[in-house]
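A.B. asks: Model the full structure from these sequences, guided by the hints.
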Amino acid sequence: MGPLVPFMISNEFNLIIALIAGIGFGFVLEQAGFSSTKKLVGLFYGYDFTVLKVFFTAGVTAMIGVLWLAHWGLLDLSLIYINPTFLWSALLGGAIMGIGFIIGGFCPGTSICAASIGKLDGLAFVFGGGLGVIFFAEGYPLVKNIYLSEAWGGVLMNEMLGMSKIMFAVLLTVVAFIAFYLTGLLENRVNRVPTAVNKRKRAIYASAIGFALLLLAVIAFFPDSKNRMEARINKTVIQKDFTSASVPADQLASDIVNNYYRINIIDVRDTAAFRAYHLPFAINIPYEIMADRRWGKILDQKHKVNYFYADDKQIAAKAYLLAGYLGNAENYILNGSAVNFHKLFSNLTPPGVEANKSEIDTYNFRQKSATEMKILVDALKNSSEPVIAKTTKIKGGC
Amino acid sequence: MKGQKYMNPYLAGFLLGLVLLGTIYVTGRGLGASGAVKSVVLSTVVKVAPRHVANTPFIKSYSEEHPDGPLKDWLVFEVIGVIIGAFFSGVISNRVGIKLERGPNITNRTRIIAAIIGGAFFGFGSQLGRGCTSGAALSGMAVMSFGGLITMVAIFGSGYAFAWFFRKLWLK
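Protein sequences appear in the order of chains A and B. Residues 1 to 398 in the numbering used here are what the first sequence lists, from first letter to last. Residues 1001 to 1172 in the numbering used here are what the second sequence lists, from first letter to last.
It cannot be assumed that every hint is accurate.
[Stated by the list, open to error] Derived DSS-like pairs (lysine-lysine); straight-line CA-CA distance at most 27 Å:
1. A:K38 x B:K1172
2. B:K1005 x A:K199
3. B:K1047 x B:K1060
Simulated from the structure, these hints should not be mistaken for lab results.
C.D. replies: Following this line, the structure appears as structure tokens:
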């Protein structure tokens, strides 16, 4: 599941990825003609809309791709860097950049491309860009208020418009296609060439548009990986022949006493219930967030046996099933609830005089286990505190 | 020697989108450009004039947040890649060579001065707007960032608004 950094690719190797991504970026920009300042400013005088075509196609492609990967559970959107919104600085900064664009004829990325193939005006623009950064750094106290005002955080376009992501994606895609068509007409009129698209090209464009809309339709109408998993689990749980590997409370207690270092006891209830009471050495992984990949280390390993429990039998069974889909660890369910376990191993009342041998044995066993669990928990207090996994936020931006 | 024709813009856009998508999938972040210029420039200032930096809050906090300097900066590596990729593309399409492109009615000198001034505006604006056309607008569009999209609208809107005033730089 992406992003691969920093879970599968280290931050050091990430720099090599940066180099590779940059090579692709620079190559495509140059091939598209972005190293030519005349081609770039053509956008503003109507004779060349290459910038709009490349830019919008790239944006729409990447946007649909991101949604597609997220839909199939291949990309975790909660970890993706979202540029934070600072309303006034974004608008004013953008306006200043627009002036820079029309005077200088480049933007930073394209000027670097132009300089790379020997364009002196590109090099001059890069130099000017450096000066601009220094001006900003020196003049920062003057613009600080604008720079920091109206901080809205990482808000998304669809949230601002009050629609779903997929709705916005469809909207942007359709707008892009209309823009391509209209600017094509305009460009030809300014350049005084007749509008004629040959048959082959028309077929290619039509299939590209169809393909983009097909992908969007699949995302919109087909349940995503999370929902499908949930549906599968719900279906299995209610089946009559559903069986799970389960252990009685006494066996689990004995495992805790003797093998505490070889087992994970996983409490899938919510955090409040966990805080109120939990089994010795239990880790809290609420069922709702079990699929988060930070739990991968626990759910997908072969060294420790996992025991799941909850107060609701069904939830424990669902967690057991989900764990089976998420990893290949050896999983069991605790027979009975957390409350039940608590009852069995605390405030034990000695059996009466008429109790038979097995009752006395059970009492002795539970009494002993309770004491030993308590001793173990006290002894291992520091090492058994669940480690709170930090979610890594990715830094990005210009 | 004439350079070869440019790639079909939609094909180029599609490929650029795939590069961006791949970058997001692998690293969780988009592409950028101005941040690399910033890293190199500010780190140079830190090295050249450390005393001055102590009195400049923006550079000071930047160098505290980026103690490793440009040699460990993601965007600097990415831009080194851009230079390699663009050069390679120029070589295979026969477009490499010392050249200066300008509008028909201005001198080379005017063009260079305009490029420096334009660059300075862009450099300043990209700092204020927290990203340029690639970092804010393009990468922002891919992840549907509101901030990225309004920056994009502002860049191109302002470009159109001022295009008339600077038409002598570009048109006959």
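A.B. asks: The structure should be examined with respect to each hint, and the outcome stated for every one.
C.D. replies: Hints, one by one, checked against the model:
Our distance criterion of 27 Å between C-alpha atoms is met by K38 of chain A and K1172 of chain B, whose separation comes to about 13 Å. Distance check on the hinted pair: K1005 of chain B and K199 of chain A sit about 21 Å apart at the alpha-carbon level, within 27 Å; holds. Restraint check for K1047 of chain B and K1060 of chain B: the C-alpha separation of about 12 Å stays at or below 27 Å, so the hint holds.
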